[in-house]
Amino acid sequence: MQLGQRVYSGDDVQLLTASGLGILRGERVLFEGVSLTVAPGEAMVLRGPNGAGKTTLLRMLAGLTRPEAGRVNRGAALHWVGHRDGLKPNETPRTHLKLWAKAWGADADVDAILNDMGLSRPADVAARYLSAGQRRRAALARLMLETRPVWLLDEPFTALDAEGRDRVLAMVAGHRQGGGAVVAAVHGDAGFAASREMVL
Amino acid sequence: MGMLSAFANPHRFLALSNWLAPLFYALGAVLIGWGLWQGLYIVPKDEYQGGDIMRVMFIHVPAAWLAMASYSAMAVASFTWFIWRHELADIAAKAIAPLGATWTALCLATGSVWGKPTWGTWWQWDDARMMSVLFLLFLFLGYMALRAAMDSRQKAARAGAILAMVGGLNVPLIKFSVDMFTSLHQDSSVITSEGPKMAAVYLWPLLMSGLGHSLLFGALVMTLMRAEIWTRRAARQRARLLAGA
Amino acid sequence: MSPAPILSAFRQALGEAWAGGAGALLPLGFFAGAAVLVPLGIGTEPGMLRAVGPGILWVSLALSSLVTLERIFQADVEDGALDLWLQTSAPVSAIAAAKTFAHWLTAGLPLALMSPVLALMFQAEAGTDLLSGALIYGLGGLAFFFWGGVGAALSATVRRGGLLIALIALPLYVPTAIFGSMAMSGAAGGDSAPLLLVASTLFSLALAPFAMAAALRLAAD
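Protein chains in written order, with this note's numbering: chain A, 1 to 200; chain B, 1001 to 1245; chain C, 2001 to 2221.
Chain A on its own, in the form it takes in the complex:
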């Protein structure tokens, strides 16, 4: 896909809104009353100590975890990259991307994406032999398979080297320029200029 392409127009349109989200873990209130809106071009960073509920909030936004209170409105298609990469041990980066391109009905140039992500060399190596960073790159490569306005990223930089990190930052910048939005849970310095931060 072309990064500069505008995927969503009109800055008044909200790609994702959530209001009054709350959840219990056991009897403990993990968080409640969390509301947010994500507009085109925005990058929202979720911060907070371990166990504050960043992952849970992201999973709620993705529709994976059911909120006990509040609601989420998804106005646009979204990409989810969780902290688990989603690769099968016997999948190679190439078969992984081809599988999901097919499942999503996306018409993507897998070779070019592999090349972009620095995965040309290990493209045909089974995931169980790949390093954690290489698996992470393969998971993030899914973002390029299909243009979707919202990216939800859980700790996207985990296991990535400096070069991989820069690549992801460039992807995010391009995505935002094209009118896409990113919500990410990030530890430490996110690197990309977040338009908003939320502390849980």
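I should point out that these hints are in silico values taken from the structure, not numbers from a laboratory.
Residues of chain A clear of chain B, computed beta-carbon distances all greater than 12 Å:
1. Asp111
2. Asn115
3. Asp161
4. Ala162
5. Glu163
6. Gly164
7. Ala173
A few chain A residues that face chain C, going by a derived Cβ cut-off under 7 Å, partial list only:
8. Leu64
9. Thr65
10. Arg66
11. Trp80
12. Gly82
13. Arg84
14. Asn90
15. Lys102
16. Ala103
17. Gly105
Listed below are the simulated DMTMM-like cross-link pairs for lysine to aspartate or glutamate, each with C-alpha atoms no more than 20 Å apart in a straight line:
18. A/Lys102 with A/Glu146
19. B/Lys1155 with A/Glu68
20. A/Lys98 with A/Glu146
21. B/Lys1155 with A/Glu32
22. B/Lys1155 with C/Asp2221
23. B/Lys1116 with B/Asp1052
24. A/Lys98 with A/Asp109
25. A/Lys98 with A/Asp116
26. B/Lys1175 with C/Asp2191
27. A/Lys98 with C/Asp2079
28. B/Lys1155 with C/Glu2078
Where is the CB? At the ideal position from N, CA and C, for every residue including glycine.
For chain A, the structure is supplied; the task is to place chains B and C on it using the hints.
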């Protein structure tokens, strides 16, 4: 805490069960006592049903009734929870499971004791009711094991509800298949005294025992539900304290 | 809705089942091994073996379905693939059914196809009955895999979930086991058994995917 604490509001249940449970205990004890006294000392024994051992019927038949009824109740409670997410329905399903399993096991044990002198075996594979009740016990045990394996009460509620509903939909099929299986093997004299052919002297003690067991069961369910409600409240209080709110 | 995600799930599950060590050979070996233990345990008297043979094959089929199913959804939870499958445009029930069907193809169908050989070892007469027997094992195995799949989905987040799957699935296997063995034995009054087997298998195909879908959403929660 805000609106989350409004999810569980079982005040009315607590108020109701506060006097209803003791009443059920008392009535249940009286009825079971009367049924047993009638069954053990008053009614004549039936030599055709194994002599004095047939008196176990006054526990066995109520237990069989409760085994069936409790699984149905659990399935209905699970369905209610799944549709309306009313926490009390989940608390009820959770409370019914161990009690239902207990009465189901009681039914099997008394049936086995009764079966030895009448059929000459502790375990009669050809008896459809015995087999059905055995599978009911497995359904209860699976339900409890699944709930116990989940790491939060919310997940236990969801997983339990899914399984209880699947089980509930399968019970008629299991019952039907077991009936068919045993009708092919029918060479033993299956006890048929229950039902319409029952001698009138047994009827009233049996009915009263059945009612008594049901009341006792209901009282125990209420007690377990109350305990669960208070446990959840205590956990909530503790969580609130730990959160420093 | 396009069927693409369902086909992809099917293909991935097929690849997983095949790559998870020796493909269909592993469940076949398990099936044969469990069956072969029996004569060693109970003796080799031909009449007795002929009588217990079909039952032993049913038990082995049930066991091997449980053994192969333990990992199908658990692995998806652990490697994160479940999150992705829950987010496709296809219904989760269809995805779950496709995965279960793929596992039946690699672990259930080969067992059914091999059942005539084992039946012969259990002193059955060679004849067309063996082929209809394979069909019955195939159908019954399908129901086993779908009910087992419900257990597998419910215990996807449980460590050592295998025992739990067995406890959950066992009572659900009962109708299939009964109708199946009645259809095999052609016992008196069992004329309707093949039809009942078909009906109960269809019942499992109709109901289990929805239960699996609900359980998988829970596993991801």
